[in-house]
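Take the sequences, apply the hints, and build the full model.
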Amino acid sequence: MDWLTILIIVIQCFVITLAVTTAFAYLTLFERRLLARLQNRVGPNRAGPGGFLQPAADAVKLFFKEDIVPALADKPVYLLAPALAVIPALIIWAVIPFGCLNLNWDYQACYDPDRSNLWNILQITDLNIGILYVLAVTSIGVYGITLAGWASNNKYSMLGGIRSSAQLISYELALGCAILSVVMTYGTFSMHEIVSQQRGWLWGIIPQLLGFVIYMIAATAEVVRAPFDLVEAEQELTGGYNTEYGSMKFALFFMAEYIKLIAISALAVIFFFGGWHFPGLDILGREVTALAGPVVGSIVFGIVSLGAFLLKVTIFLFISVWVRASWPRLRYDRLMDLGWKWLLPLGLLNLVYTTVVIVLIPDRVVHSWILFGLGALTLAIAIGINRVPKPVDNVTFVNDIQLPSSQG
Amino acid sequence: MELILFLITAAVAIAGAVAMLISRNAVHSALFLLLNFGAIAVLFLLLRAPFLFAIQLTVYAGAIMVLFLFVVMLLGAEKVEDAPDRIAWQQPLALLLGLALLIVSVVVGLGSATTPPPDGEELIKFSDPRSLGELLFTDYLLPFEITGFILLIAVIGVVVLSQRGRKI
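First to last, the protein sequences are chains A and B.
In short: position in the first sequence from 1, add 1389, done, that's this note's numbering.
In short: position in the second sequence from 1, add 36, done, that's this note's numbering.
Derived from the structure by calculation, the hints contain no laboratory data.
Just so you know, not all the hints are guaranteed correct.
Here are some chain B residues pointing at chain A (derived, C-beta under 7 angstroms) [what the hints assert, rightly or not]:
#1 A85
#2 F87
#3 A90
#4 L93
#5 T94
#6 A97
#7 G98
#8 F106
#9 V107
#10 L111
Beta carbons: idealized from backbone N, C-alpha and C, even for Gly.
Structure (structure tokens):
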């Protein structure tokens, strides 16, 4: 490995870290504006045109706030916790393919299973255990929140921390099942290969419809986002695990949460929505290469694939904000019920479906649609069982309650 | 380069283990053990075993230590109690057994150091999760099945224990 390669990797790391933190800043603005519109408000629109400078103003405010450490906090752990929250959120991006810009100037190599001619500048590294890396990093993410809750020496923080560790441990299993069925479908742990196998219109959601639903629910719970944000339920816990944190330390927790949200959206796109593919992308690559040569061809291919990926991620972020505006927070026992009694069995069932169908029917298109049908059927049955209405005699209607004054 | 990385990681691993033993606070101990697990994961990576690296992080750092920490926090047991240690006789025994393990592993390690590590095509096959899976289901099928059976017993045990004292 010569120094030029190392330099390029260092630059890639810098660019991706900066891009992700900037994306976080503008995601907060996006969310506040969109939430406001969904709730028929205006939202922050004063700083700059359309509120464009609001994230900068927020950052300045957070930097100049007083930095407090509670007297009875466990100081080293208290200071370590925000870092432990942010680091996993940032290093997960090392394996995510944003697109395919081959610096060996041949766009065809992006589809080639033999990756000897591929030098993709839009992915830092394509580990052969990429998905296991993602699972390992997300499983470490729980420490930041748990330790913040413990080290603050505050009852509210402690409860928030304990809630979060219980929730993350419970939903990690369902998340792992959903991701494993994707691995089984494509027979590889490499992110790039999963994306390149979704060439054309047969995206991962068709064989893995059930897996997609499980993934989305479990991943939303994994990044403690509404409607699973009991960790920071402000009516019950004032602020949850970050009650005692202020200034930039609070901002780091906030940042970790939003960067993880972007990361799970990116992973959802990679696993279930074709990554950087869209129908007709290879035709575009072929035509531009024929028109202007392989260099321009692969640059155009790379930029268009990057654009497609970012567009899909933005759609997922929009849906996430929409869900936050529409759904009330779950009760704690319902949360545990959903994780253990519904998502985990469904995830295991999906693993069985995937294995059996793929082994029995090797043809790609046929087994994809059979899995799609099985998944849709199972989902319909599960939703049907789950919505058994309460017996009428168990329900207390408000107008049945006898108020003392109404008697007489 | 590799030697320097190995020395740093090994030093971190040993320092984490020692700090874990002498720390007076159970949560600090858990964190030092976590540091030790992380260092060992990096050692796996240096041995060209990325699969074991990921498993070490997911299983030990991501699951087992989280449960430890969870229990310690939930019970509020992070402070050392002042009462005299009732199992003090274990300390010299543990030291002795640890020393014996160290000697055995050094002897075995020196004995097998003559086989050169794989490289090239062999190495890629060695680090591939696919070949690991194939080995588990062919050469090591019996140990694999036994492990699965033991885990099943643990699962049944949990169900039985959690149902104890509950009227059906």
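Against the structure, the hints:
1. Hint on B/A85 is violated. Least Cβ distance to chain A is approximately 10 angstroms, over the 7 angstroms limit.
2. Interface hint status for B/F87: upheld, as the beta-carbon distance to the closest one in chain A is roughly 6 angstroms, under 7 angstroms.
3. The restraint placing B/A90 at the interface with chain A holds, with a minimum CB-CB distance near 4 angstroms, inside the 7 angstroms limit.
4. Given the 7 angstroms rule on beta carbons, the hint for B/L93 holds: about 4 angstroms separates it from the nearest Cβ of chain A.
5. A least Cβ separation of about 5 angstroms between B/T94 and chain A falls short of the 7 angstroms threshold, and the interface hint therefore holds.
6. A hinted interface residue such as B/A97 counts as satisfied when its beta carbon comes closer than 7 angstroms to some beta carbon of chain A; here the least separation is about 6 angstroms, so the hint holds.
7. Taking 7 angstroms as the C-beta cut-off, the interface hint given for B/G98 holds, the closest approach to chain A being about 3 angstroms.
8. With a least beta-carbon distance of about 5 angstroms to chain A, the hint placing B/F106 at the interface is held under the 7 angstroms criterion.
9. Taking 7 angstroms as the C-beta contact cut-off toward chain A, the hint placing B/V107 at the interface is violated, the least distance being around 10 angstroms.
10. Because the smallest distance between the Cβ of B/L111 and any Cβ of chain A comes to about 11 angstroms, over 7 angstroms, the interface hint for this residue is violated.
In this structure, the earlier hints numbered 1, 9, 10 are contradicted, and the remaining ones agree with it.
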